[in-house]
Amino acid sequence: MSYKFHQFQVVGRGLPTESDEHPKIYRMKLWATNEVRAKSKFWYFLRKLKKVKKSNGQMLAINEIFEKNPTTIKNYGIWLRYQSRTGYHNMYKEYRDTTLNGGIEQMYTEMASRHRVRHHCIQVIKTATIPAKLCKRESTKQFHNSKIKFPLVFKKVRLPTRKLKTTYKASRPNLFV
Amino acid sequence: MPFKRYVEVGRIALVNYGKDYGKLVVIVDVIDQNRALVDAPDMVRGQMNFKRLTLTDIKIDIKRVPNKKTLVAALEAADVKNKWESSSWGRKLIVQKKRASLNDFDRFKIMLAKIKKAGVVRQELAKLKKETTA
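Protein sequences appear in the order of chains A and B.
So that you can map any letter, position 144 of the first sequence is 146 in this note's numbering, and since no number is skipped, the others follow by simple counting.
So that you can map any letter, position 64 of the second sequence is 68 in this note's numbering, and since no number is skipped, the others follow by simple counting.
The set of hints was computed from the structure by calculation and includes no laboratory data.
You can trust all of the hints, since none of them are fake.
Restraint-style ranges between C-beta atoms, simulated for each label pair:
1) B:26 - A:167: 10 to 20 Å
2) B:111 - A:144: 47 to 57 Å
3) A:179 - B:125: 29 to 39 Å
All residues carry an ideal CB built from backbone N, CA and C; glycine is no exception.
So that you can see chain A by itself, here it is in the shape it has in the complex (with noise of 0.2 Å):
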């Protein structure tokens, strides 16, 4: 599964200066499509919480960060900021996913479809994930069952590669399951 959305860890300090030998050095973990967008991102949000720019500090490590256990289940809590046409809003959503670049990218293309906002007015907060009991949508509660059991009701008919796709068929289609 390819994500567009990746996990950086991005690590950076301002500049040692004559009277500040030793600056802290912070570390961010954010969501972007590639490296160099990460970098920018790490320089925008240190920018609004410290006196710092990219021109007066330096990029110390940038890691991508990969997800531990890509092969169980998990419901993924995401705390977000959103500018919408009138002003800026707080959001919490639940998404279940194997991945959380998956829930992510869910979150993403949840909020454009949602709410039209486009990815670079999201801010993602903070990524939890959360142990069934304490899942707040009903939308992720209603998968929290070991014996869960739905039939598929419809079935698309859908030919194996698209190299054998025709225009025109003999015979309509069976739809039933």
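Starting from the known structure of chain A, fit chain B onto it as the hints suggest.
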């Protein structure tokens, strides 16, 4: 017509699109409305959209998210492979695969066999016709 094949833990499904086309996988857990966590003895456990799966009649008895060893043991105990290959759907797939992998000499052999079979059928038919008219 009620539904008979359900998405549930332990349902065997056939992959009908993508890299793992034609494989039998076990639904090990349900992620959300559209995706399931699937597993097979020869692949890494991963997620798959239900659009890529076709449910079969076979269901094995496993708990939610078993580890690989118990999954393989459960597959053996339920004898999924033989059940699949003896079912009409499974047999049809085997024949399709065989037909696709024939070389020219095999097709020649099949042509001779078909002609022979048609000859025998026609003889029997002629015999039966003679019996009814006589």
